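Engineer: So the protein lines, in turn, are chains G and Y.
First residue of the first sequence: 82, per the numbering used here; consecutive thereafter.
First residue of the second sequence: 409, per the numbering used here; consecutive thereafter.
Warning: the hint list may mix true and false statements.
[Unchecked claim] DSSO-like cross-link-like pairs, simulated, lysine-lysine; straight-line CA separation at most 27 Å:
id: 1; chain 1: G; residue 1: Lys207; chain 2: G; residue 2: Lys141
id: 2; chain 1: Y; residue 1: Lys459; chain 2: G; residue 2: Lys199
id: 3; chain 1: G; residue 1: Lys125; chain 2: Y; residue 2: Lys437
id: 4; chain 1: Y; residue 1: Lys459; chain 2: Y; residue 2: Lys427
id: 5; chain 1: Y; residue 1: Lys459; chain 2: G; residue 2: Lys141
id: 6; chain 1: Y; residue 1: Lys443; chain 2: G; residue 2: Lys199
id: 7; chain 1: Y; residue 1: Lys474; chain 2: G; residue 2: Lys145
If you are wondering where the hints come from, they were derived from the structure by calculation, not from laboratory data.
Quantities reported herein were computed from a predicted structural model and do not represent experimental measurements.
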Amino acid sequence: MSDIDIQISSKPLNVPICYDYVSDHRAGGNALFVGTVRDQTHGKPVVKLDFEAYKPMAVKEMQKIAETMAERWDALKISIHHRTGTLELGDIAVIIAVCTPHRKASFEACQYAIDTLKETVPIWKKEYFEDGAVWVAAHP
Amino acid sequence: MRVGLGRPIFGQYIRLFMKVKILAFGIAKDIVGGKAGAMEFSENATITQVKEALTEKYPDFDKLAKFSIAVNESYQEDTYVIKEGDELVIIPPVSGG
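One chain only, chain G, in its complex shape:
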């Protein structure tokens, strides 16, 4: 049985909380991914971001991701936190922390988690520029 910690919060995310959660003597490797707000998109300066979540379903989809990490890569402990609301440049949007018995699996599990989160978890990002705002990925 793996330990899984899923959170969606409108308050600033905290890397040490996620990292400490996955510290475990059975593990030989901890992987940590931190997604932050970049200052530009295709060269256009970004002013701020807004994240909106369909929270009950987003939590379920994040839980599914964590369960797959446990099954496929023998992840022992998994922590996935996602922020909602308004974020400024440099703010943390998402944290994924995982520990596995061997290092390779920790990298792979972490990569799987962020890639899948971006595909399936019902959270939407609105980018604000100096001259307007767009919902990211909405249009082809």
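Chain G is already provided as a structure; the job is to place chain Y on it using the hints.
Structural biologist: Just chain Y now, with coordinates in the frame of chain G:
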């Protein structure tokens, strides 16, 4: 808005409709002009018909890269038959992380 043919009862086609709650997030919220609403569908309507009805009423849905409908907090196939009391959610392309 009413969609679908209904079903035959006592040799006649009687339209039986149900009202379904629909939530919208992200750009879908902007397209329908609000976060929550309701639409009427025939008893045996599928997700495909829900999507067609939405696109007919709000042509901007056609401009999206794609959109899905979640039912009761899970993604559902287009063939899913909606039931009275289902909570439908319009899921435009997600962009978390």
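Engineer: Evaluate each hint against the coordinates.
Structural biologist: Now for the hints, and whether the structure bears them out:
1. Lys207(G) to Lys141(G): Satisfied, since the Cα-Cα distance of roughly 22 Å is no more than 27 Å.
2. Lys459(Y) to Lys199(G): holds (23 Å)
3. Lys125(G) to Lys437(Y): Given pair Lys125(G), Lys437(Y) holds - Cα atoms ~25 Å apart, limit 27 Å.
4. Lys459(Y) to Lys427(Y): Roughly 15 Å between the alpha carbons, so the hint for Lys459(Y) and Lys427(Y) holds.
5. Lys459(Y) to Lys141(G): The given pair, whose Cα atoms are some 23 Å apart, holds under the 27 Å limit.
6. Lys443(Y) to Lys199(G): With Cα atoms ~22 Å apart, Lys443(Y) and Lys199(G) stay inside 27 Å; holds.
7. Lys474(Y) to Lys145(G): Answer holds: Lys474(Y) to Lys145(G) is near 22 Å, not above 27 Å.
Violated hints: none; the structure is consistent with every hint.
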